[in-house]
Amino acid sequence: DQQVKQNSPSLSVQEGRISILNCDYTNSMFDYFLWYKKYPAEGPTFLISISSIKDKNEDGRFTVFLNKSAKHLSLHIVPSQPGDSAVYFCAASAPGGGADGLTFGKGTHLIIQP
Amino acid sequence: EPEVTQTPSHQVTQMGQEVILRCVPISNHLYFYWYRQILGQKVEFLVSFYNNEISEKSEIFDDQFSVERPDGSNFTLKIRSTKLEDSAMYFCASSVGPVREQYFGPGTRLTVT
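Note that the protein sequences, when read in sequence, are chains A and B. Start counting the first sequence at 1; every next residue gets the next number (our numbering). Start counting the second sequence at 1; every next residue gets the next number (our numbering).
Everything labelled a hint here was simulated from the structure, so no lab data went into it. For glycine and all other residues, C-beta sits at the position ideal for the given N, C-alpha and C. Among these hints, one or two may not hold up.
Pairwise CB distance ranges, derived in the manner of DEER restraints [stated by the list, open to error]: (1) Gln3/A x Leu39/B: 37 to 45 Å; (2) Pro70/B x Glu15/A: 43 to 51 Å; (3) Gln41/B x Ile111/A: 17 to 25 Å.
The list that follows gives simulated cross-link-like pairs (lysine-lysine, DSS-like), each with its CA atoms no further than 25 Å apart [to be verified]: (4) Lys57/B x Lys38/A; (5) Lys71/A x Lys56/A; (6) Lys68/A x Lys83/B; (7) Lys68/A x Lys54/A; (8) Lys106/A x Lys83/B; (9) Lys42/B x Lys5/A.
With the hints as extra help, turn the sequences into a complete structure.
Here it is as C-alpha cells:
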C-alpha cells in the first residue's frame with residue numbers, strides 16, 4: 001500500500017542545472033508534506049516542508065510545489081551542486097490530533113554530474 | 001546546532017535476545033518518534049511519543065516493542081525478543097510540535113543473527 005510514491009528511483013542532472021524530483025500521494029487526508037535528504041550511513045536530513053494550504057514554499061535553492069488536485073508535489077533544486085548528490089525522500093503527514101508519524105516514499109537517488 | 005543522537009551505532013544480537021536502542025532527542029523538543037528502514041526498503045513509522053505516553057503506533061509496533069522515556073533526556077526503544085526480520089536501521093526523531101518538521105538521528109544498525 002504505497003500512499004506516497006516516488007516513481008523515479010534515480011535521476012542524473014548536470015551541475016548548475018535544475019533538479020526536479022517528483023512525488024505523488026494517494027491519501028487525501030495528508031495535509032503536510034516534507035522533503036528529506038539522506039546520505040549513506042546517516043539519518044534523513046530535513047530540507048523543506050509545505051502545508052496543504054499553500055502551493056509553493058521556497059528556501060534558498062530549494063522550492064517545493066504542491067498540486068492538491070493532482071495529489072502531486074515536486075522539489076526543485078536550482079542550481080544543482082555536487083553536494084546535492086544523495087537520496088531524496090518525500091514524506092507526508094495526516095492530522096491525527098497527536099504526534100503524527102510520517103509516511104515516506106521509497107526515495108529518488110539524485111546524482112549531480114560535474 | 002542541536003541534533004538527535006543515537007547509541008549504539010551498530011548492535012549485533014542473537015535471535016530471541018532483548019535489545020534496547022537509545023536516543024537523546026533535541027532538548028526543547030516535546031514529540032519523539034521511532035522509525036525503521038529495512039535494507040533496500042523505505043523508512044517506516046513505528047511509534048510516536050508525547051507527554052510520557054504513546055501517541056500513535058503503526059501495525060509494525062506489536063507487543064514485542066516498547067518505548068520509554070526513563071529520564072529527562074533519553075528515549076529508548078526495546079525489542080523484547082528479536083527476530084531475524086527485525087534487522088534494520090532504526091532511526092529516532094524529534095519535533096517541537098505535532099505537525100512540525102521531524103529531525104532524525106544518525107540511526108542504529110541492528111543485525112539479528
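Hint-by-hint comparison with the structure:
no. : hint                           : in the structure
1   : Gln3/A x Leu39/B: 37 to 45 Å   : 21 Å, violated
2   : Pro70/B x Glu15/A: 43 to 51 Å  : 48 Å, holds
3   : Gln41/B x Ile111/A: 17 to 25 Å : 21 Å, holds
4   : Lys57/B x Lys38/A              : 24 Å, holds
5   : Lys71/A x Lys56/A              : 14 Å, holds
6   : Lys68/A x Lys83/B              : 41 Å, violated
7   : Lys68/A x Lys54/A              : 9 Å, holds
8   : Lys106/A x Lys83/B             : 24 Å, holds
9   : Lys42/B x Lys5/A               : 11 Å, holds
When held up to the earlier numbered hints, the structure conflicts with 1, 6 and fits the remainder.
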